[in-house]
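**Q** What follows is the residue order along each chain.
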Amino acid sequence: MPTIYIDGQAIEVKQGENVLEACLNAGMDLPYFCWHPSMGSIGSCRQCALVQYQNEEDTQGRIIMGCMTPVSEGARFSLKAENATEFREAVVESLMLNHPHDCPVCAEGGECHLQDMTVMVGHRDRRYTGKKNTHRNQYLGPLIHHEMNRCIACYRCERYYKDYAGGKDLGAQASHDHVYFGRHEEGILESEFSGNLVEVCPTGVFTDKPFLKQYSRKWDLQSAPSICHGCAVGCNIAPGERYGKVKRVHNRYHDEVNGYFICDRGRFGSGYLNSKLRLDYSGIKKSDGSFLAVHQKQALETAASWISGKKVAGIGSPRASLEANYLLREMVGKNNFSAGSSDLEATLVGSILSILQTTTAVNPSIKKMETADAVLILGEDVTNTAPRVALALRQAVRNKAFELAEQMGLPLWQDAAVRNLAQDNLSPLIIVSAMDTRLDDISSNSISLAPHEIATFGRAVAGALNGEKTDDPDVISTAEILKNAKNPLIISGSSMGSQDVINSAVEVAEAISKPETMLSFCVSECNSMGSALLAQDGGVSLADIIKRAPKLDALIVLENDLYRRGKRSEIDQLLDSGIKIISLDVYENRTLDGSHLVLPAASYAESQGTLVSSEGRAQRFYPVHSPSHERLQSWEWLLELAKLTGNKKLSKLENLDDVVSTCAKDNLALKKIVDVAPKNSYRSSGSKVPRQTHRFSGRTAIHSDVSVHEPQQPKDHDSPLSYSMEGLNRDQPASLTPFVWSPGWNSNQSLQKFQSEVDGPLKGGSSGVRLIASSSKGSKVFSESEEFELKAHQWHLVPAHQIFGSDELSAHTEEMAELAGRGFIAIGQKVAEKLGVKQGDGLLVQHGDVRCSLEVKVLSRVAKNCVGYSVGYEETQELTPGCLVSLQVDKDWRRTSPEVIASDKTALGHIASDGGGAYG
Amino acid sequence: MSNSQMIQTDLNSVLTLEELAEIDHELEHIPYKSGASIDALKIVQSSRGWVSDECLQAIAKHLEMSSEELEGVATFYNLIYRRPVGDNVVLFCDSVSCWINGCDDIKEMISQKLGVDYGETTSDNAYTLLPVPCLGACDRAPVMMVGDDLVTHLDRETIDTIFANKESGSET
Amino acid sequence: MEKVLTRNISPGKAPTDIAAYEANGGYSALRKAMTVMSPDDCRQVISDSNLRGRGGAGFPTGMKWSFVPMGDKCSPGHKYLVCNADEMEPGTFKDRLLMEFDPHQLIEGMILSAYCIGADISYIFIRGEYVVAIERLRAALADCYARGYLGENILGSGYKLEMHVHPSAGRYICGEETALINALEGKRANPRAKPPFPQVSGLWGRPTIVNNVETLCNIPHIIDRGADWFKGLGVGEDAGTKLFGVSGRVKNPGCWELPMGTSVREILEDHAGGMQDGLQLKGFLPGGGSTDFLTRDHLDLAMDYNVIGKAGSRMGTGTMIILDDKTCPVGMVLNLIRFFAHESCGFCTPCRDGLPWSRQVLEDIENGRGKKEDLDTLEYQIKYIGAIGNTHCALAPGAMEPLQSALKYFREDFEHHISGRACPYRSVGGS
Ligand SMILES: Cc1cc2nc3c(=O)[nH]c(=O)nc-3n(C[C@H](O)[C@H](O)[C@H](O)COP(=O)(O)O)c2cc1C
Ligand code: SF4
Ligand code: FES
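Chains as they are written, first to last, in the working numbering: chain A, 1 to 920; chain B, 1 to 172; chain C, 1 to 431.
Hints are supplied without guarantee of correctness; some may be wrong.
If we take Cβ atoms under 8 Å as the criterion, some of the chain C residues that face chain A in the derived model are [to be verified]:
| hint | residue |
| --- | --- |
| 1 | LYS73 |
| 2 | ARG147 |
| 3 | TRP204 |
| 4 | ALA341 |
| 5 | HIS342 |
| 6 | CYS348 |
| 7 | ASN390 |
| 8 | ALA394 |
These are computed hints drawn from the structure, not numbers from a lab. Backbone N, C-alpha and C define an ideal beta-carbon position, used for all residues, glycine too.
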């Protein structure tokens, strides 16, 4: 470890890091703008200046940029030298020449890195008397608001959007002090990761548009450590609440999972929480089919009377917490409990789980995936099924560049230099899928095959790795690439609905026979893996419950719209079977409509619980605010109910800690969930951890038209967090860090004060506990090719998951729905020509007695005999993966989009209301 | 699949075969298609005078770049015109040696004569007047380029001859 | 004095075509290199000759080339030689002359240089406005391919080289060598961070040498006649001859080839004919718009890199801009700063936003709105923008050179503007 001297103070630094990193690691406040821990240095803002001295005698020194200067033994710097401080102030002063000084009305205000740096360098008086440059703003879609006048040209947005996230449609334009960051034309930003611009931009150019519509001062937001419920990846998030509304979602740093970035579903998909269609009150169905609102007590008593001493079954949910699922299972007994996935998904995820428990391959965290130097994806469109993983894969393909840089002795944080050196050299990424995926642009080989052929391909690669002869060039090259890789990564998942595909992935991974081989699976929902872990310990299938329904007295459905799990006719039959149906859920759905008693469940933002991610990482989420109206957390409803019905075992449980420890005791695989987060009794420096910042202004008058009385703050009896600004948000375990803030650092850049080192784990550790350990046994998967015979004019129906639209709850968010569009059928160019249809036309899709009319989407590559359908959309509800369909032109179809338009122009309608901007 | 509706204008027919052939010729010695972006912009501009949105999109498509990427390039350079220009572009040198030799007055004369200021095009579309950094003919200052021709030692007389068909501020 | 670079160029004489060029000994250096000299030999001669880059910084050419990985040390792939013919530095008009009137000299120099560093592809990056030079270079290239000076197996040596003319789309920053490389790659011409230097990672990430036109034009002569001959050409410390130019209100503005180390006075009085009648010399920028002013006190300095450097300026491109006593120094500096502010690539803060700030202060002063504190602000800006290393590339520090020296030598002029609330030169009838 080299030693460097900063203002005479010796500090030990990491070999290879730069001086800015060294300063930040030493806890020093060195201002910066363009540098970002995950994007490295380019030296454009010139803010991180220090003076470097040649030796002890040198008193003059010269200005250097901390972010562009590697540390070296004995090097001497000054942060405080007048030269340096004056220079840093001058930088801010010049950034301010054209800045509009609109802090009081700026959405970034109070959380603005530019504000912080301005204060930090001490710039105050304005000397410039000239005119300010102004820019036109662009409409960038429903998620991101553009306010170019605030730009300080740090180039972070472009570097994040293009270089890091692989977006194509945002970049720097013009030059000198006219540089502009935007699109070629107005329109919806295409990247699924556009929301991170909000956090990457150090000022208010890119802001969270839905948040703006219901704006609240950042320091008045109450937040809690939470886990995204959008998919199974388990990104850590920090939702911000004010007056019972979740206003926005920010990334919450986790070094091994999401790092600094989340996807747009995760960031913007929580709008449904504030919807009028949320359930507020319990309801008992009246004879006319409508619901009578009743109070909690009455609802509980009714429910208890329906189930006490009766034959009751329960259906859990892969989107509900482990705790709630566990409680339901305990109440009804294992033999009467189904985990709540569709039977196909349950089987697939179950098999994935047992594979991960036995395979010799490493089950990687996202951070680990970024180390892969060769990736094979079998069947997944990762961007749409496990979005954050796709962002990691975009970094993984850069390992080739890093390798070249290392050969040349270039520090890897020299971002532009590394890119210039490597040009288009990428590490290999082979995608085998039925159709276009959103990673095709960086793949070295995209192969289009039907699901069963994907499995065959995988097995052939495994065969080739085991020395079998083949003459398929794709198989040969793939095997070769994987064999030569240091850290090969195989990704597959359940989204194709094919066991065979999953099995073939394992075969490949194990055939590589290298201890570094990584194997990762995408599964569908935020707690799919938790459900599977519970199911390993017992439970029955959904079909079984449906079959046995007539013999039951009642059924409890936990946070589950069963219509998404099985055929409509079967679910209709289940709900109409004459038994009492009790449903708990967050948002209106058809299962609730068909129930006899509905109980309003608190949302994830009002609840505490544990989820298990696809990686097998159990993580705790905490309520951001206490449940509104008559809602209770699902586990609370169930515990109350258990008590009322005299369940001996469950009646003893007092709080969530009790539930967790009982659950851990009862389920071997879940033994470690007690370690996921500190117990309720944990205190940080003697007090609970506050959910509100020190700057919380608390008593404002937002409801003064009703009452100036502020109700007392609610108490949180179940966690070490408080609904208060009192207490310390520092040094506690990472799982209890609700927000980042540090004196002088009001923006999210204060994160570095919470990290143990730049880009490292939080000081409180890496939260979560991995429940699935790989073993040395190796998986035994037996697979044979399924044989398919296609009749003429028939197509395999292949699921096409959509980041916006396929997920049940987030799709209820207005912006997500806008981006999701209508349900579609995706076909290849040739099929389109054969059928005589174009993008936006309609096709009648038929499978047995199922018929639906869907919009045509023409893709650039689709496997032979395959068509895709948008999963999880209302229009495609009846379609199931793998079935054979016929297609027919829908004569009555009416286009909603004009025939020939450029992709951007779909959004033109919005320009009048949104574009233009205040400054013109 | 993108989150926006991917319906494309038919950009294939925007560029002429000659233009495409010329661009492809440049590509022969360039390892990446995007490397020919500036050449391509210039090729298209040389036949059309300027680069319209449509052309820009068509070039971007041909070079497998995004329109944003190409726009970033096009708007960076002084000699790529993203707005229509007249039949002749007048590049008027306003750099130091020409300035010492009185180019400000000459510029006034031209503006008077043509009735346009920097960035403007005469109403008959004959001339667009643009400033240009030092033209490298400082020994013959003041100078300007009219189209491809360098005109040196500018004074009232040369201005009058070159723009002979133009009357002071008149609209033709 | 012996004319070297301009031996084929005289006023009124037609540009040299391949026949005339060959007739005057052209391509004999190439023949010599291809038959009896290895690249190592050639590089050695150039190193020994003490040739320094004529692009402005005066970096020793042999040393620059020595950083290019050769033989086994180089990973497989292309190497590039690029001729920097962007010539957009205000007041500079020497490369134009060399290219318009003797294109083959440059091409021969480039082939030899490419041979020295083992490059197989070469580019002439030329500013787009140089239409005539572009045309002549292209024609000359065609002749060279036809004669086997370019292409596969040059003159039977087994060495192969292709050469292309790449007209720029116009921006001063493209002259900065790493920005130039980005421009060649079809990107926005923001300069790159160094290290890595282009010699190891340049165009498309491959080893690349960028040299100025005039530098490259020297190569054939040095190969042909040797290092000692070349060193003997200079009359001062530096080797060779140099194109010196004078613009401004002198009797006979122009460009002449003279020995390195020729005195400013000789260039100004003997060649440029002295000041126009009624005008006095007030100051001069010795080598283009980004060099510091010198004054009458410096007339007897030799135009050598170190001599001019010691006097507080830079030799730059060797083309002087003369400030006379009827021209407003504030206006002149404003003109320059305006140029630099406009030509900033917009990448780094001090340049992108600092130069327009200086421009605004100067505009105020020039237009009679100046305040006393403005001079302090300008000093502050000079300190902030003017030091190499404060900005990402050398454009902004270069921009500050005329300003900082004007404040040093012509401070009273600035003060008169402020106290008199007007430009004193305008009433006198100057520019
Ligand atoms: C802003 C800027 C503009 C430049 N413009 C030119 C130019 O137009 N022509 C040139 O030869 N060198 C120019 N240079 C210098 C080049 O970066 C580079 O040093 C030179 O081409 C090297 O050639 P040489 O070693 O033969 O001098 C410029 C440098 C800077 C910083
Ligand atoms: S100093 Fe900075 S902004 Fe100016 S040209 Fe160089 S890199 Fe660009
Ligand atoms: S953070 Fe170092 S130059 Fe921007």
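**Q** Next, verify each hint and record whether it holds.
**A** Hints versus structure:
Below 8 Å, beta-carbon pairs count as interface contacts, and LYS73(C) has none with chain A, the closest being about 12 Å; its hint is therefore violated. At a threshold of 8 Å, the smallest CB-CB gap from ARG147(C) to chain A is about 34 Å, leaving the interface hint violated. Here the hint on TRP204(C) is kept, as its CB sits about 6 Å from the closest CB of chain A, short of 8 Å. For the restraint placing ALA341(C) at the interface with chain A, the shortest Cβ-Cβ distance is roughly 6 Å, inside the 8 Å limit, so the hint holds.
Look at HIS342(C): its Cβ gets to within about 6 Å of chain A, closer than 8 Å, so that hint holds up. The restraint placing CYS348(C) at the interface with chain A holds, with a minimum CB-CB distance near 5 Å, inside the 8 Å limit. Because the smallest distance between the Cβ of ASN390(C) and any Cβ of chain A comes to about 5 Å, under 8 Å, the interface hint for this residue holds. At a threshold of 8 Å, the smallest CB-CB gap from ALA394(C) to chain A is about 14 Å, leaving the interface hint violated.
When the structure is compared with the earlier hints, violations turn up for hints 1, 2, 8 and for no others.
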